[in-house]
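Below are the chains, spelled out letter by letter.
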Amino acid sequence: MDKKTSKQIPIGGIIDKPKTSLLNKTGDWKKMRPVIDESKCIHCAKCVLSCPENCIAIKKDGKRGDVNLDFCKGCGICAKECPVGAITMVEDK
Amino acid sequence: MITPKELAKKIQKQEAFASGGRWCAGCAFPMIVRTILAAAGENVVVSNATGCLEVTSTIYPYTSWGVPWIHNTFENAAATLSGAEAAYDFIQKQDEKNLPKFGKELKNKKVKFVAFGGDGGTYDIGLQSLSGALERGDDFVYVCYDNGAYMNTGNQRSSASPLGSSTTTAPAGKEHLGKEELRKDLLKIALAHNIPYVAQGAVHDLIDLYNKAEKAFSKKGPAVIDVLSPCVNWKIAPGTTMEISRIAANTCFWPLYEVDEGKYKITYKPSKKLKVEEFLKPQGRFKHLFKNAKGKKIIEKTQKEVDRRWEELQELEIFTNRK
Chain Z
1 MDKKTSKQIP IGGIIDKPKT SLLNKTGDWK KMRPVIDESK CIHCAKCVLS CPENCIAIKK
61 DGKRGDVNLD FCKGCGICAK ECPVGAITMV EDK
Chain V
1 MITPKELAKK IQKQEAFASG GRWCAGCAFP MIVRTILAAA GENVVVSNAT GCLEVTSTIY
61 PYTSWGVPWI HNTFENAAAT LSGAEAAYDF IQKQDEKNLP KFGKELKNKK VKFVAFGGDG
121 GTYDIGLQSL SGALERGDDF VYVCYDNGAY MNTGNQRSSA SPLGSSTTTA PAGKEHLGKE
181 ELRKDLLKIA LAHNIPYVAQ GAVHDLIDLY NKAEKAFSKK GPAVIDVLSP CVNWKIAPGT
241 TMEISRIAAN TCFWPLYEVD EGKYKITYKP SKKLKVEEFL KPQGRFKHLF KNAKGKKIIE
301 KTQKEVDRRW EELQELEIFT NRK
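These protein sequence lines map, in sequence, to chains Z and V. Counting from 1, position 41 in the first sequence corresponds to residue 41 in this note's numbering; the numbering is continuous, with no gaps. Counting from 1, position 192 in the second sequence corresponds to residue 192 in this note's numbering; the numbering is continuous, with no gaps.
The set of hints was computed from the structure by calculation and includes no laboratory data. There could be a bad hint or two in this list.
Below are the DMTMM-like pairs computed for lysine to aspartate or glutamate, each with C-alpha atoms no more than 25 Å apart in a straight line [what the hints assert, rightly or not]: (1) K5/V x E15/V; (2) K235/V x D92/Z; (3) K273/V x E305/V; (4) K63/Z x E15/V; (5) K59/Z x D208/V; (6) K80/Z x D70/Z; (7) K269/V x E317/V; (8) K60/Z x E277/V; (9) K60/Z x E181/V; (10) K13/V x E81/Z; (11) K291/V x E312/V; (12) K59/Z x E277/V; (13) K275/V x D139/V.
Some chain V residues well away from chain Z (every beta-carbon gap over 12 Å; in silico) [said to hold, decoys possible]: (14) R246; (15) Y257; (16) D260; (17) T267.
Just a few of them, taken from the derived set where beta-carbon distance is under 7 Å, the chain Z residues facing chain V [what the hints assert, rightly or not]: (18) T5; (19) E53; (20) C55; (21) K80.
Just so we're clear, the structure is a prediction, and the values are computed from it rather than from any experiment. Backbone N, C-alpha and C fix where the C-beta goes; we use that ideal spot for every residue, glycine too.
Please put together the full structure from these sequences, using the hints given.
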């Protein structure tokens with residue numbers, strides 16, 4: 001985010017734009033990253049719901065989309081919650 | 001009944017709570033917040049007490065919120081929302097031609113109000129203003145994400161901390177084995193105000209939580225939802241958030257139930273009730289209990305209390321649903 005002068009800061013110092021945290025990529029926190037075995041995935045959307053970072057997308061047809069690793073903190077909930085064991089956590093290098 | 005796919009799509013479409021916040025890896029409240037806001041619909045005003053959720057989601061000049069959001073101190077999330085709701089109510093009663101432009105826009109909108117607070121801001125510091133708002137009958141939903149201590153400042157004891165849990169202000173040592181008191185029953189306090197809806201949910205069952213939130217929003221009057229939100233300060237591995245929540249429900253340490261217009265309904269009955277040890281054992285904050293006989297007594301006391309509350313709940317369900 002650009003630096004603002006005192007005159008550009010809104011009254012009360014409020015944040016005047018929504019969802020600016022999207023500029024803050026938390027993906028560099030992770031030590032492990034999820035890898036999805038596409039052949040095993042049953043598209044149940046459990047991983048989508050249980051991701052704290054909301055980084056697993058769901059497509060319009062109800063199928064699971066890609067993982068946005070920009071925000072993934074590598075907590076591994078998705079791998080634990082997957083009912084068919086399609087997600088494994090591997091070391092992120 | 002909503003399916004997980006529909007809920008996921010709804011959350012994605014709404015984009016009410018964005019990624020990029022600085023909550024710990026494996027934190028439970030982002031899922032809770034997204035599910036509750038999905039149930040609230042498009043027009044929602046959020047009030048937030050100080051706590052983990054507020055601190056991590058709005059690190060200046062960033063914010064994760066995509067909905068109107070007010071932060072206030074620990075003690076008055078409910079009071080702040082009460083004021084916002086009263087202002088909305090006032091606009092609804094006015095003649096349209098007397099209103100300024102924003103008022104005209106607001107008059108034709110159905111707005112929902114929801115407050116989020118942690119257990120410190122709800123059970124302890126914010127109880128007084130919550131009680132006031134419940135008594136006045138303001139139309140809002142209060143959601144407490146309960147992680148059983150002041151986790152934002154580093155695990156200080158709150159009145160929601162379970163018996164025997166080691167916290168920095170009630171640490172486990174030679175003389176004392178963590179907190180010596182039982183946890184407070186918030187929902188009983190909320191129920192004492194004769195409000196239309198209270199419920200207890202947990203993060204592992206988001207569909208159940210969504211249904212409860214939807215019911216809460218549909219009521220005219222206040223509703224309180226208490227949601228178990230496992231925390232890494234419980235000294236658990238980050239990936240086990242959902243698992244530990246599931247065990248809490250299966251041991252009946254955290255029963256899932258709702259009280260709709262005075263009628264109790266247990267929404268999840270475990271097919272086999274597990275012993276409370278299964279819930280305590282994986283957590284580092286209880287590890288001292290497994291070392292000596294004194295600790296064993298505390299586990300027994302916990303089990304006794306869990307059993308008592310579970311039996312009481314089942315009896316209340318039968319009693320309040322009789323003809």
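Outcome of the hint check:
{"no.": "1", "hint": "K5/V x E15/V", "verdict": "16 Å, holds"}
{"no.": "2", "hint": "K235/V x D92/Z", "verdict": "23 Å, holds"}
{"no.": "3", "hint": "K273/V x E305/V", "verdict": "14 Å, holds"}
{"no.": "4", "hint": "K63/Z x E15/V", "verdict": "18 Å, holds"}
{"no.": "5", "hint": "K59/Z x D208/V", "verdict": "23 Å, holds"}
{"no.": "6", "hint": "K80/Z x D70/Z", "verdict": "21 Å, holds"}
{"no.": "7", "hint": "K269/V x E317/V", "verdict": "12 Å, holds"}
{"no.": "8", "hint": "K60/Z x E277/V", "verdict": "43 Å, violated"}
{"no.": "9", "hint": "K60/Z x E181/V", "verdict": "50 Å, violated"}
{"no.": "10", "hint": "K13/V x E81/Z", "verdict": "23 Å, holds"}
{"no.": "11", "hint": "K291/V x E312/V", "verdict": "31 Å, violated"}
{"no.": "12", "hint": "K59/Z x E277/V", "verdict": "41 Å, violated"}
{"no.": "13", "hint": "K275/V x D139/V", "verdict": "39 Å, violated"}
{"no.": "14", "hint": "R246", "verdict": "10 Å, violated"}
{"no.": "15", "hint": "Y257", "verdict": "22 Å, holds"}
{"no.": "16", "hint": "D260", "verdict": "25 Å, holds"}
{"no.": "17", "hint": "T267", "verdict": "18 Å, holds"}
{"no.": "18", "hint": "T5", "verdict": "13 Å, violated"}
{"no.": "19", "hint": "E53", "verdict": "5 Å, holds"}
{"no.": "20", "hint": "C55", "verdict": "6 Å, holds"}
{"no.": "21", "hint": "K80", "verdict": "5 Å, holds"}
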